[in-house]
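Here the protein sequences line up with chains R and Z, keeping their order. Heads up: the first sequence runs through residues 0 to 359, numbered per numbering that gives the first Met the number 0. Heads up: the second sequence runs through residues 0 to 321, numbered per numbering that gives the first Met the number 0.
These are calculated hints, taken from the structure and not from any lab test. Treat the numbers as computed from the prediction; the structure is a model and nothing was measured. Incorrect hints may have been included.
To be verified - No farther apart than 27 Å at their CA atoms in a straight line, the calculated lysine-lysine pairs in the BS3-like style are these:
| id | chain 1 | residue 1 | chain 2 | residue 2 |
| --- | --- | --- | --- | --- |
| 1 | R | K97 | Z | K72 |
| 2 | Z | K18 | R | K49 |
| 3 | R | K283 | R | K335 |
| 4 | R | K49 | Z | K72 |
| 5 | R | K18 | Z | K18 |
Said to hold, decoys possible - Coverage of chain R stretches by chain Z, computed from C-beta distances (three or more under 8 Å per stretch; other residues unrestricted):
| id | segment |
| --- | --- |
| 6 | 40-53 |
| 7 | 211-225 |
For each residue, glycine too, the CB sits at the ideal point set by N, CA and C.
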Amino acid sequence: MTSSFYAIYYDGNTSIAHKVEVIVTPTYLEINFTEKEDTAVLWKIGDIQKETQTNKNYLRLLYGEFPSQILEVDVDDIQLLQEILPLSRLTSTSLYTKLTNSKRYILLLFLIFIAISVVSYFFVLPRLVSPIVSQISPEHEIQLGNTLYKSIMEDEVVDSSKTVLLNKFWKSMNYKTNYPVKITVTESEEVNAFALPGGNIVIYDSILGTMRTAEELAALLSHEYVHVQNRHSLQSMVSAYSGIILIQLIMGNMNANLNAVFQNAHTFAFLKYSRKLEKEADEKGMQLMYEHKIEPIGMYQLFKKLEESEKENKFGDMPEFLNNHPVIRNRLSYSKKYANSHQTNEKDQTLEDLFILIKE
Amino acid sequence: MKDLEILDDAGSNKRFEFKGEGGEYFGIWIVNALLTAITLGIYYAWAKTKERHFLHSNTYLANSPFAYHGTGKELFIGFIKAIGIFVIPYLIVIGISTTQNSTLIIFTGLIFLLYILIIIPFAIHGSLRYQTSRTSWRGIYLGYNGDRTEFVKLFLKNILLTIITFGFYSSWASVNIRKYITDHVNFGNVTATFKGKGNDLFVISLVGTILTFLTLGIYSFWYFRNIINFYITNTELEQDGRTISVQSTVTAGGIFGLVIVNVLLIIFTLGLATPWVVIRTIRFYMDNVILDNNFKPSEIRQGAIDVSADATGDDVLDILIS
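For reference, chain Z alone in the conformation it holds in the complex:
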């Protein structure tokens, strides 16, 4: 019988761990790629779902695995809706571009860009609701209870400010958006909050950019470390009135090792090593994030579960990213 000693709430139980192997993931990845190609993309929804099943069920916290409950069918229906969201306006743009009226074409193009921009927060909201409600750990479901209108307004306001300040505002925008999302994620009765300040991120970015430039790129590893740690260590959890801090052991050397090996793997295999690269990256994060002792893995209670979210937002986001 294998080791089932998982009931202890101390020591390694605050850690994340990824137990999947590159070879295993390669099998899934290549079969998915081939089936997606052969079906001219229709299989994509099922492929994505299989991948998430594999990645979730191999991610462990306190020696227990996460589970993913989404289905290919859900994602496929969402995909069809997502296509509708893009195709119809796109066809209108194409139609107008045949008129050869350049003022009208530029105007339509701008409207289309604006349309895409407005879709993004809706998609993020939908994707968060879908993905959290399909994820569980020890039978406890994750949840996202952000308000759609509120989030869309917040997102567009911050993006607009970033645009009119020529990107100057982006540190504050990232922090505001991240804070809204983190503050509305819950894991049973465990809640989260983001403590980071735009000012701090701005200083990190400014110093990082200047030093990276002056050191011909060498400083970039420290810059990445600072950014990653800013996001990790400013996230705080709360369980039964106790504050749980999230700690990071990410180092510049660690990032250097991760990035250099990943780049070499991709180049020398023409990309066939992608599954190993993905797993190395996931493992890097899992190995470097620790919850403090206030986290009691066995004391989480199930919260309200809302599985009504469909996958449309998730698909839209996927289309926009890829």
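Chain R extracted, bound-state conformation:
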């Protein structure tokens, strides 16, 4: 049985679009030019090649040496060829085409994608932070901390006599440390203190002004010491950057808007992460105080001072999910609970004396 159909033929050397009648025989495609009779081109079935179908309206068959002759076949006529051509799968039935043409597959792929993203963000990523952090040597961490310290200190005024006293106070607390802990007191209206990776702790003198007991100061130093000792700054950095890199990998190819939405979501998640680290510093700090025979009630007293200073400025009522520290109410409650059940009933005279000097 022979069948025929019309198609468009290009000879590979000129741009003439020949309208041809193609007669299908078991061994050849006979290509007849409708505009001039008596001429025909024969294509041996076995040597015909197929181009990947990329337009839903037609399929292109190739024949001969490069630049090949081309036959552009309407999709409706492909059926006629399918019976005789040994071109397996004339129509594009690749997995990819199936995927792009089926709403069900797209949806399925989308769900798999969401699942992978969720699993890697919420389960894989958090477990990667510690191994990555442990790859960074303390020497590098100290170097990084010193660089940060230098750039931060450029615009700060250091109170050198209080700095000396505070370092003495710290030495007298007798905490074991892997890092060269160095305390710097700077002059500032702001009630604040922070720890840098590798051992530098910066304390603003306003916070010292509000303190009434040596335990409060010990509590502050204990809190910052836990940040240093447990490499919290590095953990935060790694957690923040690895999240951003992951989102970039997943969303980078989609578009900028979606990317931005997820980046912001990541910032919120990151605030939660830093609240976790702050709570750890509070709790471990109190444990250390108790172990070194310093009354943990100092932590509660310190939070009381923080509460007062927060009331003075307008940010006191910021909800917890917008804050990088736990809300003060919670900190007051868990520190009170711990202090009540862990009383040392001891006073360290050296710390007391140093505290009086610091307060002068």
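Given the coordinates of chain R, assemble chain Z onto it according to the supplied hints.
Same frame as chain R, but now just chain Z:
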């Protein structure tokens, strides 16, 4: 049987047309995005190729479609090479930045920027050679026969002049670079040339900038129209000794419609409408560019075809743009 009446060389046969649909492109786009994400970017080369296949095969001139012949494998190999071109110098920069010697860091940073600047013309050259040699229409291949050294020199000279004149020279630089590229593109025996003058582009830019500022941005649509039309109408083709002029029907109103709807689509779908935006934009250009009657679609002859170009330049350019 569908309409095969394409043999006529008159009327609509001078027009470009894009026949792909947004929904169709969305399927390709979303599957590509997901596969690229799942494979952590490795699929990118194949994704890009599928996209080009779709876009080329749905672009018609004189009722016949273009075809794209590049493969994902080519683009992937190019991508690996491109990564090498960036990663090694980048690692050196990172290494040096740990030394904390700020003079050295600034110096290295400048060298790196210079390196990137020098890469750009090489990448453009490679990308042009690759993409043209993988594109055909009615079996006739496009080609780019620019000389690499010549182009790199021309490009760097013009960029340098633009930098030392604080951007003042940019109109002339754009025209010179565009002219070199256009003049070296051929489509079988059809050649191209760019007739635009830097002076004209400078006047368009100067007037455009001032009026856009004075009208609080409203004039920008006319400004864009002038720029687009400058590039389109100054391109001339030549076929068998006949000059074919390229005409444009782009209007400020048309650009306004295109841009406003595109922006709204992107904002309200958080970007998921990107495929429709891309297709609207392509269609806008296709619908507004016409070749004059000297163009004879059936009289093009195959020229020398050089398919030796690899995809490295194309990938480098892609990395630099994205």
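Do the hints match the structure? See the list:
no. : hint              : verdict
1   : K97(R) / K72(Z)   : holds (21 Å)
2   : K18(Z) / K49(R)   : holds (22 Å)
3   : K283(R) / K335(R) : holds (14 Å)
4   : K49(R) / K72(Z)   : holds (18 Å)
5   : K18(R) / K18(Z)   : holds (21 Å)
6   : 40-53             : holds (count 3)
7   : 211-225           : violated (count 0)
Of the numbered hints stated above, the single one contradicted by the structure is hint 7.
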